[in-house]
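Make the full structure from the sequences, and use the hints.
For the sequence shown, UniProt numbering begins at 1 and goes up steadily by one.
Hints are computed from structural coordinates only; laboratory data are not their basis.
Quick reminder that beta carbons are idealized off the backbone N, C-alpha and C, glycines included.
Warning: the hint list may mix true and false statements.
Stated by the list, open to error - Here are the computed distance ranges between Cβ atoms for each label pair: (1) Ala-44 with Lys-4: 15 to 23 Å; (2) Ala-44 with Ser-2: 31 to 39 Å; (3) Val-38 with Asp-3: 29 to 37 Å; (4) Ser-2 with Phe-45: 30 to 38 Å; (5) Asp-3 with Val-41: 17 to 25 Å.
To be verified - Derived lysine to any residue pairs resembling SDA-like cross-links, with alpha carbons at most 20 Å apart: (6) Lys-5 with Leu-57; (7) Lys-4 with Pro-59; (8) Lys-4 with Val-32; (9) Lys-5 with Phe-25; (10) Lys-5 with Val-32; (11) Lys-5 with Ala-15; (12) Lys-5 with Ala-22; (13) Lys-4 with Met-58; (14) Lys-4 with Leu-54; (15) Lys-5 with Ser-61; (16) Lys-5 with Pro-59; (17) Lys-4 with Glu-23; (18) Lys-5 with Leu-27; (19) Lys-5 with Val-37; (20) Lys-5 with Ile-56; (21) Lys-4 with Val-38; (22) Lys-4 with Val-37; (23) Lys-5 with Met-58; (24) Lys-4 with Leu-57; (25) Lys-4 with Asp-28; (26) Lys-4 with Ala-22; (27) Lys-4 with Leu-27; (28) Lys-4 with Trp-55; (29) Lys-4 with Val-29; (30) Lys-5 with Leu-54; (31) Lys-5 with Phe-45; (32) Lys-4 with Ser-61; (33) Lys-5 with Asp-28; (34) Lys-5 with Tyr-51; (35) Lys-5 with Val-53; (36) Lys-5 with Arg-60.
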Amino acid sequence: MSDKKLTRSSNRIIAGVCAGLAEYFGLDVTMVRVLYVVLSVATAFSGTLVYLVLWILMPRS
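In C-alpha cells form, the structure reads like this:
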C-alpha cells in the first residue's frame, strides 16, 4: 500500500490545489490546471466552489 497523501503543493499559482492533485496522481501540473479551467467554464464556474472547498480541506505539504 502506498504512503502517498493528498496535500497542497508548494508549486502553486493560487493555493497549490491543482499541483497537489497532479503530484498525487502522477500527472503533469499544466494539464491538470488546463483541465480544471476547461471543466470549470463548461460547468458554469461551479469548479470555483470545488476549488475553494479543496483549498480549505487539503493540508499544506
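Straight-line alpha-carbon gap Lys-5 to Val-53, limit 20 Å:
17 Å, holds
Compare the distance between the alpha carbons of Lys-4 and Met-58 with 20 Å, and conclude whether the hinted pair is satisfied.
13 Å, holds
Has the given pair, Lys-5 with Arg-60, been kept, meaning a C-alpha gap of at most 20 Å?
11 Å, holds
Hinted pair Lys-4 and Val-29, Cα distance within 20 Å
17 Å, holds
So if I understand the rule, the pair passes when the alpha-carbon distance is 20 Å or less; does Lys-5 with Met-58 pass?
Cα-Cα ~10 Å, so holds.
Please verify whether Lys-4 and Leu-54 have alpha carbons no more than 20 Å apart.
Roughly 17 Å separates the two Cα atoms, so the pair holds.
Supplied distance hint 17 to 25 Å, evaluated on CB atoms of Asp-3 and Val-41:
35 Å, violated
Pairwise hint evaluation, Leu-57 against Lys-5, where the allowed Cα distance is 20 Å at most:
13 Å, holds
With the threshold set at 20 Å, check whether the alpha-carbon distance from Lys-5 to Leu-27 stays at or below it.
Holds, because 15 Å separates the two Cα atoms, which is no more than 20 Å.
Quickly compare the C-alpha distance for Lys-4 and Pro-59 to 20 Å and report which way the hint goes.
The hint holds at about 13 Å.
Do the alpha carbons of Lys-5 and Phe-25 lie within 20 Å of each other, as the hint requires?
It holds: about 10 Å lies between the C-alpha atoms, which stays within 20 Å.
Take a quick look at whether Lys-4 and Val-32 sit within 20 Å of each other, Cα to Cα.
Roughly 18 Å separates the two Cα atoms, so the pair holds.
Consistency with the previously given hints fails for numbers 1, 5, 19, 21, 22, 31, ordered from lowest to highest.
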